[in-house]
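K.L.:
Sequence order for the protein chains is A and B.
Reminder that position 201 of the first sequence reads as 201 in the working numbering, one-by-one numbering, no gaps.
Reminder that position 82 of the second sequence reads as 82 in the working numbering, one-by-one numbering, no gaps.
Derived by calculation from the structure, the hints in this document are not laboratory data.
Given the structure is predicted, the values throughout are model-derived calculations rather than measurements.
C-beta atoms are modelled at their ideal positions from N, C-alpha and C, and glycine is treated no differently.
Don't take every hint at face value.
[Said to hold, decoys possible] Which residues of chain B face chain A? A few of them, derived with a C-beta cut under 8 angstroms, are:
| no. | residue |
| --- | --- |
| 1 | 136 |
| 2 | 145 |
| 3 | 173 |
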Amino acid sequence: MGKFLARRLLNYVVLIFLATSFAYLLAATNLQPRVYFEQMQPPPPPEVVNAQLDSLNLNDQTPLAERYVTWIKGVLTGDFGKNIQGGDVSAQMWMKAGVTLRLITVATILGSALGIAIGAYAAVRQYRAFDKAATGASFFVLSIPTVVIAIVIQVLAVAINDGLGFTLLKYVGEYSAGFQGNAWETLLNRVHHAILPTLVLALALFAAFARYQRNMMLDVLNADFVRTAMAKGLTRRRALFKHALRTALIPTITYFTFTFGALVSGSTFTEKIYGWHGMGAWLIDSISRQDVHVVAAVSWFMAITIMAASFLSDILYAWLDPRVRV
Amino acid sequence: MTTVTETTPEVPAAPPAPNRLKDIARQLIETRRVIVGIVILVLLTLFAFIGPVISPWGVSERDYTALLEGLSPDHWFGTNRTGQDIFTQTTAGLQKSLLIGLLVALISTAMAAVIGAFAGYFGGLTDKALTWIADLALVLPSFVILAILSRHFVGNGGWLILVILLAAFSWMVTSKMVRGLTISLREREYIHAARFMGVPSHKIIFRHILPNMSSLLIADATIMVSTAIIGETALSYFGLGVQSPDISLGVVIADGASFATTAPWVFVFPTALLVLLVLAVNMIGDGLRDALDPTAKSRRS
Chain A
1 MGKFLARRLL NYVVLIFLAT SFAYLLAATN LQPRVYFEQM QPPPPPEVVN AQLDSLNLND
61 QTPLAERYVT WIKGVLTGDF GKNIQGGDVS AQMWMKAGVT LRLITVATIL GSALGIAIGA
121 YAAVRQYRAF DKAATGASFF VLSIPTVVIA IVIQVLAVAI NDGLGFTLLK YVGEYSAGFQ
181 GNAWETLLNR VHHAILPTLV LALALFAAFA RYQRNMMLDV LNADFVRTAM AKGLTRRRAL
241 FKHALRTALI PTITYFTFTF GALVSGSTFT EKIYGWHGMG AWLIDSISRQ DVHVVAAVSW
301 FMAITIMAAS FLSDILYAWL DPRVRV
Chain B
1 MTTVTETTPE VPAAPPAPNR LKDIARQLIE TRRVIVGIVI LVLLTLFAFI GPVISPWGVS
61 ERDYTALLEG LSPDHWFGTN RTGQDIFTQT TAGLQKSLLI GLLVALISTA MAAVIGAFAG
121 YFGGLTDKAL TWIADLALVL PSFVILAILS RHFVGNGGWL ILVILLAAFS WMVTSKMVRG
181 LTISLREREY IHAARFMGVP SHKIIFRHIL PNMSSLLIAD ATIMVSTAII GETALSYFGL
241 GVQSPDISLG VVIADGASFA TTAPWVFVFP TALLVLLVLA VNMIGDGLRD ALDPTAKSRR
301 S
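Just chain A, with the same shape it has in the complex (with noise of 0.2 angstroms):
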């Protein structure tokens, strides 16, 4: 199992490596950090702004190919260059990515949890009401853009506070602007403001993962091991859970590998729209600000979330399918 773990991880680095390669250069390519210090007002004369990009190296007149080997030794040596405005992004990125872990970690295990546990229940009680509203409830939130989700329960947010006169749900920011507290009211204010975006993303999540799971148990629940584990006296419960549930589980452990790339985009509208100073926040800011090596560094990052996801799920894998371990 462990020569199994290390020749997939070994894949994970280089294709992480070049995922970020290829993320640099397209933006290095398509982005125009000239054109952002060429519209500064007053506009500095040309002799300024290339000294600018060069000490940022960002200057389209050095060629691709010393800009793209300057960038890699530095991200090598954990060094991702400079912003724009000068800042260091490394520093930067470790705190946005902070908060943007925070809020996909709490709404992974939420979402997925949630799903698995409900489409499990709703296949073994299939065609019951609870089947059907499961059922019908995830079929409808799949068809809703995580950004319309968003943005209707902000909406709803702002009604039931006007509705009750006072501030039940926030939906701005991470934490009140200048809260002062001590650890405990530190944390209960965070987790305040948290309870909505979470909310955002574990029900898309959700919705996926409950609509899969019931397939998968559908699939399984029929089956002949089934029906022999309870033969050999298990009890329902116990041959469903052990044998039924064990083995539905295993598609599903791909199938998150997929999903989680859709969570990580679907986390930057949850960002942007709840104020959440995240990496997918920072990355449309610096889109517009043509802020190349930020660019990179989330896509870095991005890419790097992925990849933790597939290792994780091939060690799930490898615990709940006995054949992979040899």
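Using the hints provided, position chain B relative to the given structure of chain A.
P.N.:
Below, chain B without anything else, positioned relative to chain A:
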């Protein structure tokens, strides 16, 4: 050499060959979701193509006497902040969103079919290389790349570039499925027969392998339509998708989002149409998959 015998042996009367098309048609009619979905989709298509024609306003025409006004006989869905008619914008946007969805689904399914079938049929190095490319495309943050390239979507026909890029990042999962199916089809007798008769590989793929998984491809293409529409909406929300003067539902929704509480008509109409459109497409795709995939019988819901 084979010898041809003149005498035909007594053949028992064979039952009429099952007509696959008729069979599928019957199953589709039994799957109510598909019918409902098709009806909604046809109505929406009609609405999208007739709407801009019957509306007295142009898509980007501004009525300065009616800024951010509610529903009225002049403006059936109201107007936005700059006096543009929401009805015209929504229907024109619906039209473009439909086109984008259909084109992306067509292109990406074709790519998935060809790449997956070639990888599965040839195996070996071809398979390794193509699978690896698919893996790489899965890792690339497609949203970032589309956003970087968004300045190329400006101008006449710029949305076609968006279509191609959206397609370029949505074929991977289907192609993996096609590859798996091809590997199992490759060993069937009729494929062997074709190969031993000297039929070139690419002909075998296009004539025997792909037609045999057409039902899967059709169902998958339908799902791809809704994925593409959702993806386009997301990009357009940040101004990175369809660019003016072109308009799509995503653009209209993005314009209206900040007025969702104060002037709901700017947001509600385009959003409702978008959700209805995606819902209809999903109903068709989901029903098709159930009707065409014999292993999915147990999943009927």
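K.L.:
Given residue 136 of chain B was flagged as interface, is its beta-carbon under 8 angstroms from a beta-carbon of chain A?
P.N.:
holds (6 angstroms)
K.L.:
Against chain A, is residue 145 of chain B within 8 angstroms by beta-carbon distance?
P.N.:
Result: holds, 6 angstroms to nearest chain A Cβ.
K.L.:
Next item in the hint list is residue 173 of chain B. Is there a CB on chain A closer than 8 angstroms to its CB?
P.N.:
holds (6 angstroms)
Hint violations for this structure: none, all hints satisfied.
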